[in-house]
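Work out the full structure, taking the sequences as your base and the hints as a guide.
Protein chains: 2
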Amino acid sequence: MYTSSTSLHYFFYVHYNNIPGDALATQSGDAVSGASDDHKLPESHQQPSGFQRQVYLPRLEGIRVGHVQKVSLVPDKVHEMRTLSLKPLLFEIPGFLSEEECRVVVQLAQMKGLMESQVMVPEGQEELTEQLNLSAEEIFNLLDLNQDGQLQLQEILTHSRVLDGIWLTPENLREIYAGLKADPDGNGLLSLEEFRLLGTDAFQRFLQQRGVKSSQLVRNSRHTWLYQGQGSHQVLRDLKNRVTRLTRLPSALVDLSEPLQVVRYEQGGHYHAHHDSGPVYPETACTHTRLAANSSTPFETSCRYITVLFYLNSVEGGGETAFPVADNRTYEEVSLIQNNVDLMDTRKNCDKSNLRVKPVRGTAVFWYNYLSDGQGWVGEQDEYSLHGGCVVTRGTKWVANNWINIDPDYQRQARYQQLVSQQEGAGEGAEDEGKQSVSQSSPEQLHPDDSHQEL
Amino acid sequence: MYTSSTSLHYFFYVHYNNIPGDALATQSGDAVSGASDDHKLPESHQQPSGFQRQVYLPRLEGIRVGHVQKVSLVPDKVHEMRTLSLKPLLFEIPGFLSEEECRVVVQLAQMKGLMESQVMVPEGQEELTEQLNLSAEEIFNLLDLNQDGQLQLQEILTHSRVLDGIWLTPENLREIYAGLKADPDGNGLLSLEEFRLLGTDAFQRFLQQRGVKSSQLVRNSRHTWLYQGQGSHQVLRDLKNRVTRLTRLPSALVDLSEPLQVVRYEQGGHYHAHHDSGPVYPETACTHTRLAANSSTPFETSCRYITVLFYLNSVEGGGETAFPVADNRTYEEVSLIQNNVDLMDTRKNCDKSNLRVKPVRGTAVFWYNYLSDGQGWVGEQDEYSLHGGCVVTRGTKWVANNWINIDPDYQRQARYQQLVSQQEGAGEGAEDEGKQSVSQSSPEQLHPDDSHQEL
Chain A
1 MYTSSTSLHY FFYVHYNNIP GDALATQSGD AVSGASDDHK LPESHQQPSG
51 FQRQVYLPRL EGIRVGHVQK VSLVPDKVHE MRTLSLKPLL FEIPGFLSEE
101 ECRVVVQLAQ MKGLMESQVM VPEGQEELTE QLNLSAEEIF NLLDLNQDGQ
151 LQLQEILTHS RVLDGIWLTP ENLREIYAGL KADPDGNGLL SLEEFRLLGT
201 DAFQRFLQQR GVKSSQLVRN SRHTWLYQGQ GSHQVLRDLK NRVTRLTRLP
251 SALVDLSEPL QVVRYEQGGH YHAHHDSGPV YPETACTHTR LAANSSTPFE
301 TSCRYITVLF YLNSVEGGGE TAFPVADNRT YEEVSLIQNN VDLMDTRKNC
351 DKSNLRVKPV RGTAVFWYNY LSDGQGWVGE QDEYSLHGGC VVTRGTKWVA
401 NNWINIDPDY QRQARYQQLV SQQEGAGEGA EDEGKQSVSQ SSPEQLHPDD
451 SHQEL
Chain B
1 MYTSSTSLHY FFYVHYNNIP GDALATQSGD AVSGASDDHK LPESHQQPSG
51 FQRQVYLPRL EGIRVGHVQK VSLVPDKVHE MRTLSLKPLL FEIPGFLSEE
101 ECRVVVQLAQ MKGLMESQVM VPEGQEELTE QLNLSAEEIF NLLDLNQDGQ
151 LQLQEILTHS RVLDGIWLTP ENLREIYAGL KADPDGNGLL SLEEFRLLGT
201 DAFQRFLQQR GVKSSQLVRN SRHTWLYQGQ GSHQVLRDLK NRVTRLTRLP
251 SALVDLSEPL QVVRYEQGGH YHAHHDSGPV YPETACTHTR LAANSSTPFE
301 TSCRYITVLF YLNSVEGGGE TAFPVADNRT YEEVSLIQNN VDLMDTRKNC
351 DKSNLRVKPV RGTAVFWYNY LSDGQGWVGE QDEYSLHGGC VVTRGTKWVA
401 NNWINIDPDY QRQARYQQLV SQQEGAGEGA EDEGKQSVSQ SSPEQLHPDD
451 SHQEL
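Chains A and B supply the protein sequences, listed in that same order.
Under full-length UniProt numbering, the first sequence has 152 at position 152, and the numbering climbs by one with no breaks.
Under full-length UniProt numbering, the second sequence has 133 at position 133, and the numbering climbs by one with no breaks.
Just so you know, not all the hints are guaranteed correct.
Same chains, same label: a pair holds when it works inside one copy or across any pair of copies.
Straight-line Cα separation of at most 20 Å, SDA-like style, residue types lysine to any residue; simulated pairs [as the list claims (entries may be wrong)]: (1) K240 x G362; (2) K348 x V212; (3) K112 x R59; (4) K348 x G231.
Derived from the structure by calculation, the hints contain no laboratory data.
Written as structure tokens, this is what we have:
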């Protein structure tokens, strides 16, 4: 629906040069992470197939909400890590960054320059509808969840919270109805007759003509990407190593993940609730392992196994990170919007979220966007990881994100890492220019689409 | 408050003779449990003290509700294990026992004879109140949760669901008020004046004089204990080994646990919601490791880390196992009784439980009554493990329980196992009579109190 910048991804595929031959085929023990767990799979859990995994990804234990464990991340200091929720598995570590480190990260981002996180891009919604080849009646029937022959606002919103990157609310839906004269009787309901009179892309065309304010978008922030590999600022490399220790994952996986994303929210900025990474079906590809995919696939997601979120300043007002359904007994998409209350709307309903984390300078929170597969690898998406940034009511909010990308398809991840290490090897003779030569092997081809599929 | 029979515990401390020298000081790999996980503690998690644990108790992964994993428990058959909840961590395994095995267990129990699970025993409630040395005003104030100067029925029940083994309900509280003329204005509220006129043990004396039906007790069933060690029926030994494989715990821990408890509920039978094992504070002793405790302690609980519950028949009507708060977002004792609905009352409110398991012959369910301590050992009580047996509306219900007792104090558990193995060694010369000689070393002293503290 919307795109974010691709310009920094250039670095991502270029600079890595500390990757062991086949990082995944070796045990996960590595020099950086003294705390790494080397779990071997119990025999009974091993795959019957010829290809046996030799890595068992550690997953931290949450124990219970409020549980505090001590972790050793930097010399001469012990951090406390508190469990904030089990669904998603979510932890908070105060003082993860020093004040000085926060300052450096913000300054590096400012030097680099930040771009709008979201720009309104008219996109192929119409096309999709045409491809589907559905009649107006059929679409009406699909949207009419309670089958009462009328479309409530809620039914429209449950189906689509976002239109071309614009966040839909009951209010702006009414406004669209009014603008389009779609609901002449003004009862907020669309009958089949009324629906039929609208073109399939009537809403979109109306919104594009009218124009939107940034506060009406899914997210309202600016961001940039900071490369963390060799040659980058010491603070950024320290941070990456600290994340490796924290998550206890093999350093090769962390090294091959996205660069650090630094985000600035001005007063009034927000990010409505979303998943950092989508569900993974058999036909879903991961953006980062596209290189190793055998064929083009219809679905793609970023496969961000873990999100590590750093608060770089203490926000004067608002700006909490909200987890609307953390530790809910069940997850039901339809219950996210009920009685005109949309739990995903972080401009309005953060106070109704199950969990809110207040931004405090230097604190890190991190969570798993995917469950375990029960066999030591990445499993299904954890729907409870839904989260958003509440509107900043006062001051500016600076955060940074480290995502750790792992393909739930173990073989694809392994192939990918092998391919990258081969490319590294090929570029090695050229030394400094090697970087350039790898970058010329068409990063666009590896990464043709940078839509982060965050919703 | 009430006692259950101690007679079978004789066997528990007698017959074990397959315990390795120091079972806990060795790795947990053992011949019985092919599926055993040998997790070593990651370095960063090891205790700084001189005493380093060498065992990391495996804990199964639940992944998410509905997750199914295949487990290998018997030759030539693969069982499916389904996650029923994460809080508590709870699994269901259909066909864990064959029909024949169910029949044998029921017959063995019948041959042995079953006793009333609960008999009304007048006990030292009065004494306790006197010990506390509180005035009527002070007690009134403690009970008056909302501090409105009156005691609602709910406030009485939140404080004490059980009086001398009798389950209190709003109805029988009203009956007690009427019998004692405690609430002359009949508004169901006790003022301080009204409360002051009652003696501290007025309720108890009234109930004892009036007498109670078994349906008014906490539990209404009969049970017996079946020893599962060497010399016992093959089916019982098979069952024990299967439990070891299922839980992946060291066999020594399973061997040293309570015998199999077989329970029969007649039509009308029930067991109100309870914890199989209580919270563990620093000064709490475990019943099974009393032998190794350094001093007498004021609190004691059974330290049942895991409950494995077998359904020995398919019940015609009712008899579900209810988990009132499974996977609730929070656990609050006061919210268990609200608007006159007591979620712990399995005669009335099973339909309001978050989770109910239907008894199907041969199915096993098992859950953890304690959380992990995050370091590979038993941690805090899992309050969400609250469960009960719904009233049997038709037919008879036969179940069996295997509890796995582990002391959350690792050192006490280790000392206990060493002591038992020494006793075993001492008795060894006498061969068959050795059993007798150990039993004569005063099982009562080891196990003076058999109140299972199930509530």
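Task: Within, between, both or neither: K240, G362 at alpha-carbon 20 Å - done: Answer is within; shortest intra-copy Cα gap is 15 Å, inter-copy 51 Å.
- [ ] Classify it for me, K348 with V212: is the Cα-Cα distance of at most 20 Å met within a copy, between copies, both or neither?
- [x] within (18 Å within a copy, 56 Å between copies)
- [ ] Pop the pair K112 and R59 into one bin, within, between, both or neither, using alpha-carbon distances up to 20 Å.
- [x] neither (34 Å within a copy, 47 Å between copies)
- [ ] Indicate which option fits the pair K348, G231 if close means a Cα-Cα distance not exceeding 20 Å: within, between, both or neither.
- [x] Classified as neither: same-chain Cα gap 43 Å, cross-chain 69 Å, threshold 20 Å.
Going down the numbered hints, you'll see the structure goes against 3 and 4, while the others check out.
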